[in-house]
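Trainee: When you get a sec, could you build the whole thing from the sequences and use the hints?
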Amino acid sequence: MNPINNLTDLTVTEFCEVTASEAPTPGGGSISALSGASAASLAEMVANLSLPKDGSPSPEFLAIKEKANSLQARLLTLVEKDAASFDSVMAAFKLPKATEEEKLRRKEKIQEALKLASKVPLEVALVSTEIFELIPTLLEGNQNAITDAMIAAMNARNAVLGALLNARINLGSIKDDAYVKAALRNIEESEKMARESEEALLAIGYKKLSKE
Numbered sequence: 432m433n434p435i436n437n438l439t440d441l442t443v444t445e446f447c448e449v450t451a452s453e454a455p456t457p458g459g460g461s462i463s464a465l466s467g468a469s470a471a472s473l474a475e476m477v478a479n480l481s482l483p484k485d486g487s488p489s490p491e492f493l494a495i496k497e498k499a500n501s502l503q504a505r506l507l508t509l510v511e512k513d514a515a516s517f518d519s520v521m522a523a524f525k526l527p528k529a530t531e532e533e534k535l536r537r538k539e540k541i542q543e544a545l546k547l548a549s550k551v552p553l554e555v556a557l558v559s560t561e562i563f564e565l566i567p568t569l570l571e572g573n574q575n576a577i578t579d580a581m582i583a584a585m586n587a588r589n590a591v592l593g594a595l596l597n598a599r600i601n602l603g604s605i606k607d608d609a610y611v612k613a614a615l616r617n618i619e620e621s622e623k624m625a626r627e628s629e630e631a632l633l634a635i636g637y638k639k640l641s642k643e
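Residue numbers (the working numbering): 432 to 643.
The hints are simulated quantities; they were obtained by calculation from the structure and are not laboratory data.
The beta-carbon is built from N, C-alpha and C at its ideal position, and this holds for glycine as well.
Below 27 Å or equal to it, Euclidean Cα-Cα: the simulated DSSO-like pairs (lysine-lysine) are:
1) 484 with 639
2) 639 with 496
3) 638 with 496
4) 484 with 642
5) 525 with 546
Restraint-style ranges between C-beta atoms, simulated for each label pair:
6) 459 with 617: 16 to 26 Å
7) 617 with 639: 26 to 36 Å
8) 526 with 451: 21 to 31 Å
9) 634 with 540: 40 to 50 Å
10) 634 with 533: 52 to 62 Å
11) 538 with 613: 14 to 24 Å
Mentor: Now the structure itself:
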């Protein structure tokens with residue numbers, strides 16, 4: 432399969448096909464970012480459905496609509512950015528290593544690429560985390576779309592945890608101990624927050640559904 436320059440320009444079918452192929456990208460990192468983008472899209476949809484039909488002011492839902500749209504755009508950019516960062520790692524491993532100088536340069540480039548490949552999923556997780564902040568208000572919005580708000584929370588959790596798994600595997604090959612320890616602390620805190628946020632939001636959603 433030929434290299435893909437713009438993953439987000441593909442149709443859904445094409446994206447799934449290239450993911451399923453032997454091509455190294457897109458992989459779990461891009462899929463995590465896409466999961467976050469889908470969560471933001473659902474959040475924006477629920478905000479749209481919660482706006483008053485008579486056109487009266489609704490600053491709360493308008494603000495969520497704008498925020499969700501911004502998060503979606505950022506996460507779609509990260510779909511591409513994650514794939515590019517992994518490609519950089521692959522390119523670094525292919526650098527020549529015939530001389531001592533080449534070996535040293537190759538090691539440095541590999542470490543640089545691995546750090547970037549860990550930073551991108553950390554960014555995916557950070558951006559996806561912001562989606563959780565939108566859900567409580569959306570759960571109070573259009574009650575016909577309450578399950579969409581719940582699914583947004585679920586996809587946001589998947590985006591965060593998936594991205595952090597990718598960060599973890601890259602950290603395993605990074606030699607900078609201080610960087611790795613700081614990143615792991617960040618990862619553990621973010622994983623805990625994502626799980627707890629999803630659980631709390633789904634509990635609210637299920638409670639509302641049980642009253643219908």
